[in-house]
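**Student:** Work out the full structure: start from the sequences and follow the hints.
Number of protein chains: 2
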Amino acid sequence: MKLGTLKNGTRDGTLIVVSRDLRRAVHARSIVPTMQEAIENWAQVEPALRALYAALNAGRALEAFDFDPVAAAAPLPRAYQWCDGSAFLNHGRLMEKAFGISPVPDFETVPLMYQGASDDFLGPRDDVPLPSEAHGIDFEGEFAIMVDDVPMGCTAEQAAGHIKLLLQVNDVSLRAFTPIEMKKGFGFLQAKPSSSFAPVAVTPDELGGAWKEGRVHLPLRVCWNGTWFGHPNGGEMNFSFHQLIAHAAATRRLGAGTVIGSGTVSNADSSVGSACIAERRALEMITHGKPVSSFMRFGDTVHMEVLDADGHSVFGAIDQKVVSATPCAGETQTP
Amino acid sequence: MKLGTLKNGTRDGTLIVVSRDLRRAVHARSIVPTMQEAIENWAQVEPALRALYAALNAGRALEAFDFDPVAAAAPLPRAYQWCDGSAFLNHGRLMEKAFGISPVPDFETVPLMYQGASDDFLGPRDDVPLPSEAHGIDFEGEFAIMVDDVPMGCTAEQAAGHIKLLLQVNDVSLRAFTPIEMKKGFGFLQAKPSSSFAPVAVTPDELGGAWKEGRVHLPLRVCWNGTWFGHPNGGEMNFSFHQLIAHAAATRRLGAGTVIGSGTVSNADSSVGSACIAERRALEMITHGKPVSSFMRFGDTVHMEVLDADGHSVFGAIDQKVVSATPCAGETQTP
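Residue numbers (full-length UniProt numbering), protein chains in the order written: chain D, 1 to 335; chain B, 1 to 335.
It is worth saying that the hints were derived from the structure and are not from the lab.
Check each hint, because a few of them may be wrong.
One copy or two, either will do: identical chains are not told apart, so a pair holds if it fits within one copy or between any two.
What the hints assert, rightly or not - Quick list of in silico lysine-lysine cross-link-like pairs, DSBU-like style, CA-CA up to 30 Å:
{"no.": "1", "residue 1": "7", "residue 2": "290"}
{"no.": "2", "residue 1": "321", "residue 2": "7"}
{"no.": "3", "residue 1": "212", "residue 2": "164"}
{"no.": "4", "residue 1": "183", "residue 2": "164"}
**Tutor:** The following block contains the structure:
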């Protein structure tokens, strides 16, 4: 099943069911009005949502309409929690090797994870407003999951049943702040502006055999300014999403609608490219002795999409442009 | 004006207006049903809420009832964003001196702040369930503010007008994880379980002259197991809440209902005691060469309260007991 959220002038938008081919959609409001309420009441609403999805795919849904990703918000436009892992160890290893960073303790046995901002997720075609090109603007292609209520102390085995939806993320990052904030030990704040999400969240069954052992075994295709940048595969994730959930829930429960990210997708085979510029720069550093690629400029675009084995888009595409943020003076910029 | 939230079996509870003396309350549902909706529509609802507050204080509010803090949730039971500063530099200086930690870069000029979990705030009399005494269970007495929508790039000067409510927090911390997570650079995750809040949030005018230059100029009184622990004053905050907001909003807008904390209240005069055990241990280390105090045990209680110049409680009291978390088996623990 594929679910999305249409912008409607409210902060939470309105929940829609989207057809498997991403062409048609239908309002879910007769079942549940928003994604947050859907995940809070998943057991109750899932059967009716699935019935509507089946009708939509069969061309039998009343009041169906063409799905327009430009009108889509993030599937969950704001969340009560967003924790982002760094579960592809190849990425961390490259960063260490290229820039001489000392290895993170327990890197291979304890997942790295930061608490991120979740009050303002961007839609798949929204511009990304940022204050300065000097901040080292980067994209990060990631997978993510959404859970229902997870109790404290949930094990990795128990976690599997709490994963209700899979998502695809552009975790926008400002690299000028990253080393500074890491050195302070308090984690990322200015380094991590609002994240963006692909048009639809999908139930795990939608991936068939490509969802396996808590990982998305599909390549994430990234283009920067219309040119291929990478297509690393999510199957190489060193920690599964089950393990990431258990890590996050070790000392607290996780509220329904918590979103947990994989960290930038990264593969040992460098011929598949990267899902973020920082990693390409690390590879350049290792190969050429210095980074060659610049970070993003205002006006640059990024495209991220996941195709299944038959070449069909799973989550729809992220297609975004980075733009200069409106100055604060006058304070006209409100959500 | 004082506002609170009563538990009612839903995740967001129901908004109430509480009398200045904290004895009486009245439902605000005819104006706005929840705190989140109130802060999103502050300009529209504030006048009616203030009128109801005036009527309640004058004994003229229809359907008023006795206010019971045991029935209170956190004023905002879950938030889309919680950023916690470390704005009392004395605390950081003591930790550095006692434990030989290298100074954080730009400590005195750039606020330290981490992104915290906000999906599950605890009420003022709720037990604090935690998995293990071995994790170094600590309390942290703090002040906090709640803002309406803050645009990206908001300056400290502009920030003042966005502060709608002041709050009092127990930022529960697990000290066994703190140095490990700081060293990794990704910030606090397992080290920071759910935070707890005093019964009411208050508008800044409620403090009179004690709210000045973006700081609460009142002592925060802390008792551990019924014994005085400290009463450091919020006026010694090195960065104002205005500066903390500007720091958080540097690269992104902040959604209405974002809560920003001061970090543990700490004063240069050690005779006023501390607002967290870690700091007392640091003082013991400096004085005696080793920490003497243990961290909290299951069954321990903490009391935190702020009295105004006339001895009246401003936010009501936090009175909590730390307890062993229900094991996950069977997964019966849901919110």
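**Student:** Which holds for residue 321 with residue 7 at a C-alpha limit of 30 Å: within a copy, between copies, both or neither?
**Tutor:** within (19 Å within a copy, 43 Å between copies)
**Student:** Could you figure out if residue 7 and residue 290 sit no more than 30 Å apart (CA to CA) within one copy, between two copies, both or neither?
**Tutor:** neither (43 Å within a copy, 58 Å between copies)
**Student:** Between copies, within a copy, both or neither: which fits residue 183 and residue 164 at Cα up to 30 Å?
**Tutor:** So residue 183 and residue 164 fail the 30 Å test inside a copy (35 Å) and across (33 Å) alike.
**Student:** With identical chains treated as interchangeable, where does the CA-CA distance between residue 212 and residue 164 reach 30 Å or less: within a copy, between copies, both, or neither?
**Tutor:** within (14 Å within a copy, 47 Å between copies)
The structure does not agree with the numbered hints 1 and 4 stated previously, though it agrees with the rest.
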